[in-house]
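Asks: These are the residues of each chain, in order.
Number of protein chains: 2
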Amino acid sequence: MRSITVELGERSYPIHIGSGLLRDIGRHCVKAGFPLRSPLLIVSDSEVAPRYLPMVEAALRGEGYVVVSHVIPAGEASKSLAVYEEVITTAIQAGLDRSSAVLALGGGVVGDLAGFVAASYMRGIGFIQIPTTILAHDSSVGGKVAVNHPLAKNMIGAFYQPSLVLYDLDTLSTLPPRQISSGLAEVVKHGLILDRDFAYWCLEHASELLSLNTEALGYALERGCAIKARVVSNDEREHGQRAFLNLGHTIGHAIEAVGGYGVFLHGEAIAIGMAGSALLAAKLGRERVIYEDTIAMLSALSLPVRLPAEYSVDELMEAMMHDKKFKEGKMTFIVPDSIGAVSIVNDVQQSAVREVLAQLKKEGSPW
Amino acid sequence: MRSITVELGERSYPIHIGSGLLRDIGRHCVKAGFPLRSPLLIVSDSEVAPRYLPMVEAALRGEGYVVVSHVIPAGEASKSLAVYEEVITTAIQAGLDRSSAVLALGGGVVGDLAGFVAASYMRGIGFIQIPTTILAHDSSVGGKVAVNHPLAKNMIGAFYQPSLVLYDLDTLSTLPPRQISSGLAEVVKHGLILDRDFAYWCLEHASELLSLNTEALGYALERGCAIKARVVSNDEREHGQRAFLNLGHTIGHAIEAVGGYGVFLHGEAIAIGMAGSALLAAKLGRERVIYEDTIAMLSALSLPVRLPAEYSVDELMEAMMHDKKFKEGKMTFIVPDSIGAVSIVNDVQQSAVREVLAQLKKEGSPW
Ligand SMILES: NC(=O)c1ccc[n+]([C@@H]2O[C@H](COP(=O)([O-])OP(=O)(O)OC[C@H]3O[C@@H](n4cnc5c(N)ncnc54)[C@H](O)[C@@H]3O)[C@@H](O)[C@H]2O)c1
Ligand SMILES: NC(=O)c1ccc[n+]([C@@H]2O[C@H](COP(=O)([O-])OP(=O)(O)OC[C@H]3O[C@@H](n4cnc5c(N)ncnc54)[C@H](O)[C@@H]3O)[C@@H](O)[C@H]2O)c1
Ligand SMILES: [Zn+2]
Ligand SMILES: [Zn+2]
Numbered sequence: 001m002r003s004i005t006v007e008l009g010e011r012s013y014p015i016h017i018g019s020g021l022l023r024d025i026g027r028h029c030v031k032a033g034f035p036l037r038s039p040l041l042i043v044s045d046s047e048v049a050p051r052y053l054p055m056v057e058a059a060l061r062g063e064g065y066v067v068v069s070h071v072i073p074a075g076e077a078s079k080s081l082a083v084y085e086e087v088i089t090t091a092i093q094a095g096l097d098r099s100s101a102v103l104a105l106g107g108g109v110v111g112d113l114a115g116f117v118a119a120s121y122m123r124g125i126g127f128i129q130i131p132t133t134i135l136a137h138d139s140s141v142g143g144k145v146a147v148n149h150p151l152a153k154n155m156i157g158a159f160y161q162p163s164l165v166l167y168d169l170d171t172l173s174t175l176p177p178r179q180i181s182s183g184l185a186e187v188v189k190h191g192l193i194l195d196r197d198f199a200y201w202c203l204e205h206a207s208e209l210l211s212l213n214t215e216a217l218g219y220a221l222e223r224g225c226a227i228k229a230r231v232v233s234n235d236e237r238e239h240g241q242r243a244f245l246n247l248g249h250t251i252g253h254a255i256e257a258v259g260g261y262g263v264f265l266h267g268e269a270i271a272i273g274m275a276g277s278a279l280l281a282a283k284l285g286r287e288r289v290i291y292e293d294t295i296a297m298l299s300a301l302s303l304p305v306r307l308p309a310e311y312s313v314d315e316l317m318e319a320m321m322h323d324k325k326f327k328e329g330k331m332t333f334i335v336p337d338s339i340g341a342v343s344i345v346n347d348v349q350q351s352a353v354r355e356v357l358a359q360l361k362k363e364g365s366p367w
Numbered sequence: 368m369r370s371i372t373v374e375l376g377e378r379s380y381p382i383h384i385g386s387g388l389l390r391d392i393g394r395h396c397v398k399a400g401f402p403l404r405s406p407l408l409i410v411s412d413s414e415v416a417p418r419y420l421p422m423v424e425a426a427l428r429g430e431g432y433v434v435v436s437h438v439i440p441a442g443e444a445s446k447s448l449a450v451y452e453e454v455i456t457t458a459i460q461a462g463l464d465r466s467s468a469v470l471a472l473g474g475g476v477v478g479d480l481a482g483f484v485a486a487s488y489m490r491g492i493g494f495i496q497i498p499t500t501i502l503a504h505d506s507s508v509g510g511k512v513a514v515n516h517p518l519a520k521n522m523i524g525a526f527y528q529p530s531l532v533l534y535d536l537d538t539l540s541t542l543p544p545r546q547i548s549s550g551l552a553e554v555v556k557h558g559l560i561l562d563r564d565f566a567y568w569c570l571e572h573a574s575e576l577l578s579l580n581t582e583a584l585g586y587a588l589e590r591g592c593a594i595k596a597r598v599v600s601n602d603e604r605e606h607g608q609r610a611f612l613n614l615g616h617t618i619g620h621a622i623e624a625v626g627g628y629g630v631f632l633h634g635e636a637i638a639i640g641m642a643g644s645a646l647l648a649a650k651l652g653r654e655r656v657i658y659e660d661t662i663a664m665l666s667a668l669s670l671p672v673r674l675p676a677e678y679s680v681d682e683l684m685e686a687m688m689h690d691k692k693f694k695e696g697k698m699t700f701i702v703p704d705s706i707g708a709v710s711i712v713n714d715v716q717q718s719a720v721r722e723v724l725a726q727l728k729k730e731g732s733p734w
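For the protein sequence lines, the chains are A and B, in the order given. Residue 323 in my numbering sits at position 323 of the first sequence, with consecutive numbering throughout. Residue 462 in my numbering sits at position 95 of the second sequence, with consecutive numbering throughout.
Everything labelled a hint here was simulated from the structure, so no lab data went into it. Only a predicted model underlies this, so the values are computations on that prediction, with no experimental measurement involved. Any given hint might turn out to be false.
With a straight-line cut-off of 30 Å between C-alpha atoms, the simulated BS3-like cross-links for lysine-lysine are [claimed, not checked]:
1) A:K330 - A:K283
2) B:K697 - A:K31
3) A:K330 - B:K398
4) A:K324 - A:K362
I would like the entire structure built from these sequences, with the hints used as guidance.
Replies: What follows is the structure, encoded as structure tokens:
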């Protein structure tokens with residue numbers, strides 16, 4: 001088992017990563033100080049629950065906990081206030097009290113929803129993450145929890161840290177291949193922004209990662225979590241360095257918005273976005289090798305690096321302007337300075353972004 | 368103008384109390400650092416808005432802010448997730464961003480609801496309280512914000528501190544008399560738990576307080592806020608001393624639950640509860656003068672100190688057991704040791720509480 005600590009003063013918490021951890025969840029809850037007399041609520045989704053919920057329930061009951069489970073439909077649509085209210089109702093009916101905890105067994109959707117329940121039920125109770133996707137390594141660090149509003153994603157939420165993250169690599173074996181690659185996009189992103197060696201390590205070990213080799217995956221998730229943890233510890237409430245984590249996300253979000261959510265998975269969209277950021281870097285005078293190596297890394301992880309022809313540059317630009325309320329023709333982007341280092345550039349010309357988007361639609365070398 | 372600071376490290380904030388402050392709200396928002404380019408959202412209710420909203424809007428617009436207002440129906444029923452979602456929708460449509468603020472113009476209902484909107488919109492934006500009831504002096508200190516769930520009051524919320532509280536005493540002139548007395552119950556409670564001199568000061572100045580004498584009321588609200596602030600600073604997340612603030616509330620909540628919300632106002636219910644706590648104190652061997660002086664103070668403020676005959680002791684006991692999940696026949700109460708000092712007593716016999724409730728239904732001296 002690998003363990004790291006997210007350092008946030010009195011809100012610090014451990015992340016345990018390894019094989020066969022689910023069966024230890026009861027012991028971990030005791031160790032984290034959750035009393036047996038307070039009921040626990042597991043939130044999971046309709047894909048994950050049939051596979052892993054019985055094991056988690058058994059482990060908790062075996063330790064002596066009273067456990068109630070709430071299973072939501074799989075998918076982003078469950079990150080809504082309506083589903084949130086249903087989970088709260090379950091929590092009240094189960095008699096959760098101030099010493100109880102909500103356990104999120106699933107991917108980022110379950111984590112974000114259950115986290116907001118934990119943050120707001122009785123003004124905040126315990127929260128434990130049991131991520132079952134690779135992408136959720138990202139949501140398990142940083143304390144962002146949220147639900148969506150029909151008018152905008154992640155609009156309603158809190159900064160709320162879990163007490164514990166238990167990452168059982170065995171659960172990842174049932175992930176569909178596209179979900180694996182999508183999650184790895186955020187993993188390699190953490191290398192691209194702050195850890196050159198790790199980014200190249202991902203390139204070298206891409207096939208082991210795609211085949212979920214336990215050793216490689218454990219290392220990659222540990223590094224990914226650790227890099228994000230470092231950024232978040234320095235900037236818990238997103239005032240400065242935390243913006244680095246948005247590498248590829250401005251274009252990525254626009255792709256998701258224009259294409260419709262779910263056409264590209266989140267990691268796929270930001271992979272194209274990271275390719276775009278690397279192109280922009282070249283346009284701003286950074287070395288071309290940044291782009292070439294970024295493309296190599298993303299491609300090795302079976303991620304897309306091109307925009308399909310049907311995406312309109314105008315629509316993408318509009319989505320970006322709407323998303324970030326950029327003013328007066330200048331846009332802000334996270335731009336790589338080299339592999340493993342990025343800057344916040346505030347005065348990117350709209351015309352440069354248009355050129356990048358147009359270029360992303362073309363096959364072959366940009367130069 | 369009187370000003371106090373609620374000391375909470377980097378979350379410290381000022382409370383300004385005085386006459387004619389509404390027209391300064393724009394200036395205060397600028398001073399608190401809210402930029403003119405970010406829209407402000409005022410939440411108010413159908414009783415308060417017609418009287419005071421235009422003045423607040425004008426003061427903010429006069430300073431150069433873009434302002435949008437959302438008026439909810441007056442009353443506790445508006446503290447719901449459904450109304451919460453409507454307010455969030457207004458915020459999104461008005462384009463509130465991370466630098467925006469939500470202003471609560473009203474009593475505790477508006478404050479609690481608007482506060483939870485501020486706490487959760489984009490994971491937390493600015494929050495300014497403009498209390499218009501006396502009771503809201505209590506909710507303006509402590510950072511508790513919440514909405515109700517059909518199954519339980521204040522079940523969904525957060526600890527979220529305002530940036531600023533602006534208490535314009537002039538707004539209190541339109542409060543119905545019962546609301547005035549109800550609010551004063553929490554004021555004198557703050558004296559009863561921690562400030563003997565202030566408690567007797569309230570007794571001496573009761574008629575000035577009831578007639579809303581600016582000087583007396585300003586002093587009383589300042590002391591009330593300051594005492595609560597001291598307790599909260601020592602115990603922001605309610606682990607210890609903050610329990611003192613519940614003096615009278617165990618019985619008070621039971622009265623509200625059994626009688627139906629709104630039969631007694633909150634302050635009226637806890638006045639009866641404080642009378643009960645003083646009786647319990649006598650039963651536990653404290654001096655009778657505690658009870659006699661408590662009754663004198665509450666009566667002077669036109670507050671009830673007796674339970675109407677139709678309240679059933681069994682039903683009240685059941686409501687208390689349900690509320691606090693007391694176990695094995697022992698109950699926890701905040702019990703006065705003298706006027707201005709209280710203890711947490713964990714081993715109160717149920718039978719003693721029953722006797723207190725029965726006594727509260729009888730006219731005349733208990734001894
Ligand atoms: N809070 C944060 O900091 C943060 C960071 C990144 C993403 N997110 C959020 O996370 C969400 C995306 O996360 P995600 O990609 O994990 O989505 P997800 O939770 O929807 O999971 C993706 C799909 O995989 C299924 N699944 C999950 N685990 C599985 C397993 N072990 N075996 C088989 N199927 C499994 C799910 O049922 C779902 O259908 C988005 O809502 C995003 O906003 C939050
Ligand atoms: N957050 C906390 O720490 C805390 C503390 C105490 C109470 N509360 C909450 O506060 C609420 C009770 O507060 P409240 O008593 O202020 O209730 P309220 O907000 O409902 O106000 C009482 C009534 O007076 C009206 N009103 C308000 N200001 C007025 C004015 N200036 N002139 C004329 N009418 C006016 C309102 O429209 C309402 O009808 C409850 O929901 C309670 O849970 C919260
Ligand atoms: Zn992302
Ligand atoms: Zn109260």
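Asks: Indicate, hint by hint, whether the structure satisfies it.
Replies: Right, here's what the structure says about each hint:
no.: 1; hint: A:K330 - A:K283; verdict: holds, 15 Å
no.: 2; hint: B:K697 - A:K31; verdict: holds, 29 Å
no.: 3; hint: A:K330 - B:K398; verdict: holds, 29 Å
no.: 4; hint: A:K324 - A:K362; verdict: holds, 26 Å
The structure fails none of the hints (numbered hints given earlier).
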